[in-house]
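Numbering follows UniProt numbering, with no gaps: position 11 of the sequence shown is 11.
Please note that a few of the clues may not be correct.
No more than 27 Å apart at the CA atoms, straight line, and that leaves these computed lysine-lysine pairs for DSS-like [unchecked claim]:
(1) K70 to K15
(2) K15 to K51
(3) K19 to K51
(4) K19 to K70
(5) K70 to K51
Computed spacing ranges between beta-carbons, pair by pair [to be verified]:
(6) D81 to D27: 30 to 38 Å
(7) S12 to K70: 18 to 26 Å
(8) S30 to A60: 21 to 29 Å
(9) A39 to K70: 17 to 25 Å
(10) W5 to K70: 21 to 29 Å
(11) S30 to K70: 35 to 43 Å
Keep in mind that the hints were calculated from the coordinates and are not lab data.
Small disclaimer: the values here were computed from a predicted structure and weren't measured.
Don't be surprised by glycine CBs; every beta carbon is placed ideally from N, CA and C.
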Amino acid sequence: MERDWRYFTTYSGVKLPLKLVGPLAADELSHRNTFVRAALDQAERVVLIEKMVYGGVELAHTYQYDDDGKLVRAEITMDDDVTVLMF
Numbered sequence: 001m002e003r004d005w006r007y008f009t010t011y012s013g014v015k016l017p018l019k020l021v022g023p024l025a026a027d028e029l030s031h032r033n034t035f036v037r038a039a040l041d042q043a044e045r046v047v048l049i050e051k052m053v054y055g056g057v058e059l060a061h062t063y064q065y066d067d068d069g070k071l072v073r074a075e076i077t078m079d080d081d082v083t084v085l086m087f
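Kindly generate the complete structure, drawing on both the sequences and the hints.
Listed below in structure tokens is the structure:
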């Protein structure tokens, strides 16, 4: 599936969904070893975050929301370990 990615220098916070910090343009990525990319849904909610390190995904968060926009599920993948949180 082709995604329309948005790019950031990093993320902050411990509350989900993570807060994305330091927007980057796609042409700024060639000089970076690490960055965060995010996909948003039609309501501009973050549905996928991937922390990219040297071209590979180190950490991924996938989010699902209810009809009112409340976060109801988060799937966190790190080193092939998957944690699912229900809210």
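Hint-by-hint comparison with the structure:
Between K70 and K15 the alpha-carbon distance is near 13 Å, which keeps this suggested pair within the 27 Å criterion. A threshold of 27 Å between alpha carbons decides the hint, and for K15 with K51 the separation of about 17 Å falls inside it, so the pair holds. Straight-line distance between C-alpha atoms of K19 and K51 comes to about 13 Å, which keeps the hinted pair within the 27 Å bound. At most 27 Å may separate the alpha-carbon atoms for a hinted pair to count; K19 and K70 meet this at roughly 15 Å.
A C-alpha spacing of about 23 Å is found between K70 and K51, which places the hinted pair at or below 27 Å, so the restraint holds. In this structure the supplied range 30 to 38 Å holds for D81 paired with D27, their Cβ-Cβ distance being about 34 Å. Here the CB-CB span from S12 to K70 is close to 21 Å, well matched to the stated 18 to 26 Å. Restraint check, S30 to A60: a C-beta distance of roughly 22 Å satisfies the suggested window 21 to 29 Å.
Between A39 and K70 the C-beta distance comes to about 19 Å, which sits within the given range of 17 to 25 Å. Checked against the hint of 21 to 29 Å, the pair W5 and K70 passes, with Cβ atoms roughly 25 Å apart. Between S30 and K70 the Cβ separation comes to about 38 Å, which falls inside the hinted range of 35 to 43 Å.
Violated hints are absent here; each numbered hint is respected by the structure.
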